[in-house]
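Colleague: Listed below, chain by chain, are the residues.
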Amino acid sequence: MKNSTFVGTLAAATFAAGFAAAGTLDDVKAKGFVQCGVSTGLVGFAAADANGNWDGFDVSICRAVAAATLGDAQAVKFTPTTGKTRFTALASGEVDLLARNTTWTFSRDVDLKFTFVGVNYYDGQGFMVPKELGVASAKDLDGATVCIQTGTTTELNLADFFRVNNISYEPVPIETNAEAQQQYLAGACDVYTTDASGLAATRATFEDPSAHVLLPEIISKEPLGPLVRHGDDQWGDIVRWTLNALVTAEELGVTSANIKEMGAAAGNNPEINRLLGTEGNLGEQLGLSADWAMKAIVAGGNYGEIFARNIGESTPIGLARGLNAQWTDGGLIYSPPFR
Amino acid sequence: MSATTDPKRGGFQLSQLIYDTRYRSMTIQIVALVFFLLGLGWLLNNAAQNLAALDKGLSFGFLGEAAGYDVNQKLVEYHNQMSHGRAALVGVLNTLLVAVLGCILATFLGVIIGVLRLSNNWVVARIMTFYIEMFRNVPVLLWIVLAMAIFIENLPAPKSFRGDDASMWFSETVAVTNQGIFIPRIMGTDYWWLFGVAIVVSVFFWRGINKWASDKQDRSGLRPSTWLIRLVALLLPVLVVYFATTAFTSGHQRDFLVRSTTAVASLDEIKAGKRPDLCFVGGSTSSLNASRVLEKFDIKYRRKKYVTHGGALEGFISGKCSMLSIADADMDQVMADVKENINGDGVLSAVSVDFTTGRALQIDYPALPAKGIPRFEGGTHIRGSLIALTLALALYTAAFIAEIVRAGIMAINKGQSEAAFALGLRPNRTMNLVVLPQALRVIIPPLISNYLNLTKNSSLAIAVGYMDITGTLGGITLNQTGREMESLLILMAIYLAISLTISSIMNWYNESVKLRER
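In order, the protein sequences belong to chains Z and F. Residues 2 to 340, numbered by the numbering used here, are exactly what the first sequence covers, in order. Residues 690 to 1207, numbered by the numbering used here, are exactly what the second sequence covers, in order.
What the hints contain is simulated information worked out from the structure, not anything from laboratory work. Please note that the accuracy of each hint is not assured.
To be verified - Listed below are the simulated BS3-like cross-link pairs for lysine-lysine, each with C-alpha atoms no more than 27 Å apart in a straight line: (1) Z:261 to Z:114; (2) F:848 to F:900; (3) F:1145 to Z:140; (4) F:960 to F:900; (5) Z:132 to F:763; (6) Z:140 to F:994; (7) F:1028 to F:848; (8) Z:140 to Z:32; (9) Z:140 to F:905; (10) F:763 to Z:140; (11) Z:140 to F:1203; (12) F:763 to F:900; (13) Z:140 to F:985.
Remember, predicted model here, so these are calculated numbers, not experimental data.
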């Protein structure tokens, strides 16, 4: 009896150890692609085109990680996840990383046991109204009918905002972004509120986006970022530093146009040299090749290029950098040094 | 007798439990019961252990915490600082509202359609068959979503009422918009319940007169003409109450407690300043008179509606509304009370008004303010979600009820209607007096289960954003507190209670109409 218990415990321990030892990086290398959880379709952040190719701001993170680990930006398989299924997909190992405009909160980090590797977009809850409503500030929305996705944190933020400002509103609870769009466009609600980036992306799909404005008030903090499971620090480090590499590249002026030239031989900026692997052994420390960051940056350009191409001011979504400018430009995007 | 029995072979043996037919069925039942209890115990234990592992023991404390979210349609006073339990109550009332409206409408439609389906008119009968097959064979969720989509897409938005794109119905009294339908409402005084009493008295008199006429007819064979006296019985109590309450309530002197940036002394100063928000309590003399005063002085104001005077006072103290109507005598006390608790800025001032006439009932019409957010003020707002949900549920359930009604009618022997025709009764009287009363006995039991179905189907309300109990307790509260087990247990208990109540009421009714056998 005692013996069998002992053997059982030993077997369990071995199994657990084996499980932990086969890290995500080895898994990814073995299967030859990165399984990446994205949203079900939010233009600019993650959306599949007619040919089934995924593109977008969050998708670029997945591609950069694939390029860094496997050397091929196309070696990614995407799993569309909804707000409800995303955490289960990551926790169960169905996806290797989740890049799906997910807000970094205490309970998700601690209670749900995920590691947020950084913030790739600083967002906040905003309001969208038709221009003809003639409203310049959310504080003028007294008596408005507001479409709100039910069961989200935005619902509570909304109630707080109107209570603090002593104004009244009529909530119209809806379940999905598509439903909200229908009601908003038909005029059944005067205002639509959700994350400002989501509002901009939704507006971009309208027939006449210029007839709608986002109000200046941002009523909550929603730092969005990629996340991985607790317990595999190596994989967490890879995703974290891939994101940091993209950010650092922008800060140091490394772009997809000049990276070939800069990475060919060591230049006179030691940080660029360390980033691109022409000096030091940072790649080796991560368990990757020396030019891992170079591949990641080549995949889609640096952070600024990814931002401009997918959601920047020249795109239909038209988001300004704002908080998401480099710290050197007064924004919050800041990478720890490559050293 | 005893001579023929088998000789006794020892006592009771354990194997008899299986091989002896006297005990076998009992044994099987007990074993089944044990397995059932074990299974149940295992499930409960499993749930308890898993909850313990997640550090989430069963606790209902969250019901007392502030809910933090708002609900649009509330039949009792509610705001987002009230508890989750209160939000659940709001949801329960919304569920009951849609269930009651839906059941009444479904019964009404179902009976008509069921009768028409048996019509001798080929076209009418086929149209009804088509209706029934359409609604019965498509999931109710699709009907709900379709009803809402039609509502939102086809009706004009409130803003289009400002231009010439849309106009109100029935000479500017009813606004049909895609946010809902705004209808006029009767505003009463504190004594509005007297009108209810008056109507009961009228009915009582009416029946008394009828009985008196029938007695006289039985005795003399002649029925006296009673229409005049019946008319008087119908109108007199209501008129008495109306004039009495008008005389009583119009004598009230109104004072206003106003909160504004600078002190005000008269209504003219209020008129010149920013548009005030009146703390309005529906069905109260003070609010009715207050709105009359403001309208008389042509002051643009907006109503912030509250259900109770306490709620209105709370709204004033927290700054949600800026004008409170108070009886002259209570002014000093209320003023002191407000001063003690007030938060936010603004100056308090008391304004006295010598204007106090008005009727005991007044009709309040919906109207769209000329500028600002396009939102109808005044009247009663029947939300689109309520209309779409009620209509879809009623139309769907009516299809089933129609079939039940048809079955009930067909269960009545044809000889009954032939006999009625032979007596010279017209077809509709035959149906109402002979066939349907007998058919009710067949119709009611399956009707109960359709009422239950409608009530349970109302939990699909979230598809159109109607905040029923599934939307509040089973939706937002569950999501925000993470108390899945507790929320769902309460939710199940509530639906169980509603269903059992409906079926016990209907069973009682069934008892009263079923055939008395002698």
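Colleague: Which numbered hints turn out to be false for this structure?
Modeller: Result: hints 1, 2, 3, 4, 5, 7, 8, 9, 11, 12 and 13 break, sorted rising.
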